[in-house]
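Undergrad: Each chain is listed here by its residues.
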Amino acid sequence: MKKLINNPEHVVEDMLAGMVAAHPEYLRKLDAGNILVRKNAPIKGKVALVSGGGSGHEPSHAGYLGKGMLDGAVAGAVFTSPTPDQVYEAIKAVDSGEGVLLVIKNYTGDVMNFDMAKEMAEMEEIKVESVIVNDDVAVENSTYTAGRRGIAGTVFVHKIAGAKAEKGASLEEVKAVAEKVIDNVRSMGMALSSCIVPAAGKANFSLGEDEVEIGMGIHGEPGTHRETIKTADEITEHLVNRILEDMKPEEGSEVAVMVNGLSGTPLMELYIVNKKVNEILTSKGIKVYKTFVGEFMTSLEMAGCSVSILKLDDELKELLDAPADTPALKLL
Amino acid sequence: MSINGKKVIEILNKIADVIDNNKAFLSELDAAIGDGDHGINMSKGLFAVREKLRDNEGKNIGDILKITGMALVSNVGGASGPLYGTAFMKAAMAVNGKEEIDIKDFKNILEEALKGIKMRGKGQAGEKTMIDALEPALNVLSKAIEEGLSSKECLYKAKEAAREGVEYTKTIAATKGRASYLGERSIGHQDPGATSSYLILDTIYKEI
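Going down the list, the sequences are from chains A and B.
In terms of the numbering used here, the first sequence opens at residue 1 and continues consecutively.
In terms of the numbering used here, the second sequence opens at residue 1001 and continues consecutively.
These are computed hints drawn from the structure, not numbers from a lab.
Hints may contain errors.
As the list claims (entries may be wrong) - In silico EDC-like cross-links for lysine to aspartate or glutamate, where the CA-CA straight-line distance does not exceed 16 angstroms:
(1) A:K167 with A:E58
(2) B:K1104 with B:E1153
(3) B:K1007 with B:E1153
(4) B:K1118 with A:D115
(5) B:K1122 with A:E315
(6) A:K202 with B:E1028
(7) B:K1052 with B:D1102
Unchecked claim - A partial selection of chain A residues facing chain B, derived with a Cβ cut-off under 8 angstroms:
(8) G76
(9) T80
(10) T83
(11) T108
(12) N204
(13) L207
(14) E227
Nothing here was measured: the structure is a model prediction, and the numbers come from that model.
We put the CB at the ideal spot given by N, CA and C, even for glycine.
Kindly generate the complete structure, drawing on both the sequences and the hints.
TA: In C-alpha cells form, the structure reads like this:
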C-alpha cells in the first residue's frame, strides 16, 4: 500500500496533532485521549454537541468543531468506534451544565460505545441525550438488517442541531430538531474503488476495472450489489430514485442536497453528479433550496460518492442558513 | 476442577496469545462480511488486559474478571469491546469475591456473560453472532454438569458445541451487526465474533 503516513499504528494521533496545529483558533485536544473539542468549550448557557466515530471519514467529525456545529469530536481508531471512556471524557469537557447531545451514526459499535458513555455521564449527573442517524437507504428495510446505516446525512444533523444549540435552545429542543433532520434526510452512496485501512495493510475487497459497488457504506464494507460501471447520469438516477422512493417528497417540497465525495473522486465528477441530481429534482417539481458539493464524510482514499437529500421546512431552512464557523464548513 | 486467581490470569494470558496468533484469520473473516478489524481490535484489547493483570495477581476472581472487562471496553472499540467487556463485567458479578472457582461457577460465569451480551447487543440466537457459539456452549455445559460428567468432559462438550455453532453461522444470513448489510450474501461465511468466542472456550478447555 502506498500511503502518506508514518507508523500505521499512529495515524490517528499524527492526524489530530496536525489538525490542532492547523486550526488552533478552532480546536484543542484533550489530554485524556484522541478527543478534540471546540477551543473555548464549555460554552456557558449552550447545549453542547458531541459526535465522533471511527477515523478515516475526515472532515467528519473534528472538522465541524466550532460555532454553530459541534463542541466535541471523539476519534476512534480507523473505521472503529471510539470507546466509552473517550466519549465520556468529551462529554465532561464540553458540558456547561445545559447538557450534551450525542449525535451517533447507526453502527452497532458506535451505538453501544456511545450508550455506555451516556450511562457513565448520567452516573455523574450530567444531562445527556442522544440521537441515532440512519439516513442510508441502500440497505433494504426488512427483518434482515440491523437498521439503516448513518452516512453523510449526519453532517446536516451537525449543522442544524448545532445552529439550534447556538441560539440557546434547551437540550430537549436541540434533540427534537436533530430528530426532525433524521426523519427527513435520506442518502445513498456508491464506490468505484475500495480503500485500505493503514493497520490492515491491504484492501478488504477489490473492484474490477469497470466494476462499481452500489449502496456502499463508508467503511469499505460491501454494499448491496456490484455492477458494471454506467454513466454518471445513470448511476445518479439510480441513487436519487432510491432516495425519493423512500422519502416520497411532494411536488412543491423544498430540499437541501449534499453530493459528498468519498475522497478518491474528483470535484469535477461530483459536480457532474450534481447536475443530474438537480435535473431529476427539478423535473419532479422539487425545489432545491441549497446545495453542498464537496467532501463532508469520506472513506479514506475510496473513490465514489453519496447523495443526501433533506426535506426542509421553515425551521430547518432557518437553521441550515444560520452562520457556522468551523474548519470544514463556514457559512457567513 | 478448582481454579484460583493465579490460574485464571494464566488462562487469560493464554487467551491473549491464541487470539493474537489468530488475528489475521479473524480479521480476514471480518473482511468478508464486515470491516476487517475484529482480529486486530481483539488482540489490542487482550494485550491491554495482559498489562492490567500484571499488577493484579493477588486479586480475587471477581475482580480479575471485572478488570478484564473494563480493559476490553476501553481498548477494543467497535462492537466487540462493549460486548466482550460487558460479558466479562457481568461474569465478574457471578463470582464476586471468590478465590477459587469450580465447574459450576464457570457455568454461572458463562450464563451471566451471555446475558450481558444479549442485553448490550440486543441480540439473540440465530442472527449469526457470537451468541450462536456461546448459547449452545452454555446449554451443553449445563446439561453435562447435571449428568455428572467430569469438569474436563464438560468443557470439552461445551467448546465442541461452540465449534458447531461457528459452523452453523456459515449456513445463515446475518441479521445483526455490520455483516447484516450483506443479507443473503453473508451466507457461506463464518461469523468472526462466534469464531473468537469459540477460540476463547477452546483455550479454557485446553488450559484446565
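Undergrad: Now tell me if each hint is right for this structure.
TA: So, going through the hints one by one against the coordinates:
1. A:K167 with A:E58: violated (27 angstroms)
2. B:K1104 with B:E1153: holds (13 angstroms)
3. B:K1007 with B:E1153: Status violated; Cα separation ~19 angstroms.
4. B:K1118 with A:D115: This hinted pair holds, its Cα atoms lying about 15 angstroms apart.
5. B:K1122 with A:E315: Given pair K1122 of chain B, E315 of chain A is violated - Cα atoms ~35 angstroms apart, limit 16 angstroms.
6. A:K202 with B:E1028: holds (11 angstroms)
7. B:K1052 with B:D1102: Given pair K1052 of chain B, D1102 of chain B is violated - Cα atoms ~24 angstroms apart, limit 16 angstroms.
8. G76: Since chain B brings a Cβ to about 5 angstroms from G76 of chain A, closer than 8 angstroms, the hint holds.
9. T80: holds (4 angstroms)
10. T83: holds (5 angstroms)
11. T108: Since chain B brings a Cβ to about 4 angstroms from T108 of chain A, closer than 8 angstroms, the hint holds.
12. N204: holds (4 angstroms)
13. L207: Violated, because the Cβ-Cβ distance from L207 of chain A to chain B comes to roughly 14 angstroms (cut-off 8 angstroms).
14. E227: Hint violated; E227 of chain A Cβ to chain B Cβ min 14 angstroms, cut 8 angstroms.
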